[in-house]
Amino acid sequence: MDKKNKISGLQVKALVITTVIGISILSLPSTIATILDNSGWVAIILGGLVTVPFIIMIDKTIELYPGKTSPQISREVLGPVISNLFLIIFLCYLILFLAYMHRSAAEVIKAYLLETTPTEVIIITMLLAISYMARGQIQDLARMALIIYPIIIGFVVFLILVNLPSMDYTNIYPLFNINFKAIPKGIWTIFFSFAGYELLYFFLPYVEDKEGALKYSLKAMLIVTLVYLIVFFVTLSQFGIHQLKREIWPGIAVTRVVDLPGLFLENLDGIVIAIWIMVIFGTIGPILYASGIILAELFKTKTHKLFILPLLPIVYIISLLPDNLFETYEKLGSILNYFALVSIVIMPTIVFIVAYMKKRREKA
Amino acid sequence: MKKKTILVLLMISAIFLSGCWDMVEVNQRLFVSSIGIDLNKGNAKEKYIVTYVYPNINSIGKNASEKTKKFTVTTTSDAIFQAGSEFSTQVQFPFYYKHLKVLVIGEDLAKESKLVRQAIDGLNRDTKINSKVQILVAEGTAKDILESKPPQDQITDGTIYNILKNNKTASRFTPATLIEVIRDMDTAGVTIIPRIKLKGKDIKIFGGAIFKNYKLIGWIDEIENRALSLIKNETKAELIDAPYDDTTISYKITSSNSNKKVEVGEKIKVDLSLRTEGYLQEYILEENVTSYDDKVLKEMEKAVEKKLKKEIEDTINIAQHKYNADIIGIGEHLSKFEPKAWNNIKADWDQIFPQVEFNVKVDAKIRRTGLVR
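Protein sequence lines, in the order shown, are assigned to chains A and B.
Per the working numbering, the first sequence runs over residues 1 to 364.
Per the working numbering, the second sequence runs over residues 1 to 373.
Take these hints with a grain of salt, some might be off.
[Claimed, not checked] Capping the alpha-carbon separation at 27 Å, the derived lysine-lysine pairs in BS3-like fashion look like this: (1) K245(A) <-> K114(B); (2) K245(A) <-> K232(B); (3) K132(B) <-> K245(A); (4) K4(B) <-> K47(B); (5) K340(B) <-> K185(A); (6) K143(B) <-> K215(B); (7) K212(B) <-> K245(A); (8) K197(B) <-> K111(B); (9) K305(A) <-> K67(B); (10) K260(B) <-> K298(B); (11) K197(B) <-> K110(A); (12) K143(B) <-> K70(B); (13) K68(A) <-> K359(A); (14) K45(B) <-> K143(B); (15) K295(B) <-> K261(B); (16) K295(B) <-> K361(B); (17) K45(B) <-> K111(B); (18) K185(A) <-> K245(A); (19) K204(B) <-> K310(B); (20) K305(A) <-> K70(B); (21) K261(B) <-> K197(B); (22) K128(B) <-> K245(A); (23) K110(A) <-> K98(B); (24) K98(B) <-> K114(B); (25) K245(A) <-> K346(B); (26) K165(B) <-> K143(B); (27) K245(A) <-> K215(B); (28) K181(A) <-> K346(B); (29) K110(A) <-> K132(B); (30) K340(B) <-> K245(A); (31) K2(B) <-> K305(A); (32) K269(B) <-> K309(B); (33) K168(B) <-> K252(B); (34) K210(A) <-> K60(A); (35) K181(A) <-> K340(B); (36) K245(A) <-> K143(B).
Just so you know, the hints here were simulated from the structure itself, not pulled from any lab data.
Computed from a predicted structure; not experimentally measured.
Given the sequences, and given the hints that come with them, work out the whole structure.
In structure tokens form, the structure reads like this:
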């Protein structure tokens, strides 16, 4: 491993936050409100908690094999055949994730900003832009993340500030009228808004401060959960539960409801979405990078740069497969959910358990 | 070789980076500022009469070349936006809806729940239309109101929008934006939309139209709207005239706060308590000091309280017995704070609401008496 290519704990935190928070935050409040009504916050908190054991497992696995990248660890732990199978599934998941992100981002951009631009053009430009980012090293991604991280925090602060005057706080009631039967479904849905933490596999081996890494990753997840909660409550109190369910992207629509004092700016949605595109890059950049790394391991090449460009047409084609917005979210989204279940829940658990057993046996 | 490639690439990129080749100048766009919709009676297919108002851009600025401030176009149509494409046969430039400010619904159309829903959904769905569009209901037709030329006509936003926007000294009407109307309909099923009327050449916005399930069921006037806005904490400032001794005092409300307490038992009991603060605006000039006396002030407070209490009780009475519309927001309050009880009575709310017992308490405070004693 390259000695110079190290990232700090703060950079890990920024990377996790920017990777996890992406396009789904814009639609998340209405998705969760459809399932759980006003008590959607329960699912957001529980969804955040569910990720904790997996983050700990990823961290421990990497701690057991210092100085090795994740694909190398998986090869050592599981043997070449199973390891390759796992990597291929993981790769499929990442590609589907990329396609899904591109398509839904393109739909948002088309709705709010570039109405006459063809979807294809939006997707191609986004792909080309991130391909440059993904050809870099982990440190480049980390620096990018440090730029994008304040944008997310700034967005949340801005969202609270502009909405404060016109919010109707009573809309968040009833808070405790919880439908317990719907909670598992709520967590299942919300959990994939927390997807992205699995890329810790690719971040953690490069961290300088190994002990602090876990703390930083968990802190990042805490911030993500808080951001989701804030966006949920702000949109809920602004729209009321029924209109919230009706909106497709309440996170962005909420900026159309507000009045800025002095009326010097109206229709903030275009400006906000333009800034938000950067945040989307913060998500898809690392994912494309990780796909490149996996391919480099599968084909045993020294650099991952070779595989970035050939990946683009695949992502492009998949992203254009769904006919409409509904198919994007419901069909592509649900296929993605099953891949995600395998790659970010089941595989980390298996890898961790096997690695732990092997190490114990070696000691004994 | 390398230099040449870069040069060629740069030249090609210049073609793609030029962003302004399909720009539209601002005077080649028609910014729709108000839309009016009326019912096209006796026509099953084209149910709407749609009126668009757009400002004359050439009349804006120091060296305005034209005097006409606004243009209106009208057509029959089967949807609001359909009208836009029908107008394209009459007007020179395309319409832009991003600066739409006002929607006026004609009285006859307002009575057709389905058509109102269709219009509101169109606005709610559109990506360019702002959720802050002000909605009004016209007594008569929306077309007449939008075509009227009030003497003090403003340049772009139009008189209606300015009246609504600068409503800071009274609550004779309560502005309702698109998103507020939808929010109220969702949570309460009832909302109040300001009422607009032609009075000679002038337009007058006052009181409100009661909408129940997107259908106009009745009107309320200024005084009732004032009482309602006091109950709902929407009052910014208001002047109350109350009889005292044998004259009238004017009491300026500077802040008010109302609280609802709903008890669900065999019967639903509501305690409405209203606290207002303000100062004395007007009394009577006499040789002696008139109002600089605690006893007098307390009595004045009593008079104001009595007056306000009566107004509020009358309004509640109208809501309960005349229109059977929960404009006070009791159902909404229950659904938020007593969700379990609400689920049981939700279906029969129309039968239950007229029987709700109200207990109104008003506490008015006169804090200051102006500059004189």
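Each hint tested on the structure:
no.	hint	result
1	K245(A) <-> K114(B)	21 Å, holds
2	K245(A) <-> K232(B)	25 Å, holds
3	K132(B) <-> K245(A)	19 Å, holds
4	K4(B) <-> K47(B)	65 Å, violated
5	K340(B) <-> K185(A)	23 Å, holds
6	K143(B) <-> K215(B)	20 Å, holds
7	K212(B) <-> K245(A)	21 Å, holds
8	K197(B) <-> K111(B)	17 Å, holds
9	K305(A) <-> K67(B)	65 Å, violated
10	K260(B) <-> K298(B)	25 Å, holds
11	K197(B) <-> K110(A)	40 Å, violated
12	K143(B) <-> K70(B)	14 Å, holds
13	K68(A) <-> K359(A)	15 Å, holds
14	K45(B) <-> K143(B)	20 Å, holds
15	K295(B) <-> K261(B)	31 Å, violated
16	K295(B) <-> K361(B)	21 Å, holds
17	K45(B) <-> K111(B)	18 Å, holds
18	K185(A) <-> K245(A)	16 Å, holds
19	K204(B) <-> K310(B)	26 Å, holds
20	K305(A) <-> K70(B)	60 Å, violated
21	K261(B) <-> K197(B)	36 Å, violated
22	K128(B) <-> K245(A)	20 Å, holds
23	K110(A) <-> K98(B)	16 Å, holds
24	K98(B) <-> K114(B)	25 Å, holds
25	K245(A) <-> K346(B)	20 Å, holds
26	K165(B) <-> K143(B)	22 Å, holds
27	K245(A) <-> K215(B)	23 Å, holds
28	K181(A) <-> K346(B)	22 Å, holds
29	K110(A) <-> K132(B)	22 Å, holds
30	K340(B) <-> K245(A)	21 Å, holds
31	K2(B) <-> K305(A)	22 Å, holds
32	K269(B) <-> K309(B)	17 Å, holds
33	K168(B) <-> K252(B)	13 Å, holds
34	K210(A) <-> K60(A)	10 Å, holds
35	K181(A) <-> K340(B)	17 Å, holds
36	K245(A) <-> K143(B)	34 Å, violated
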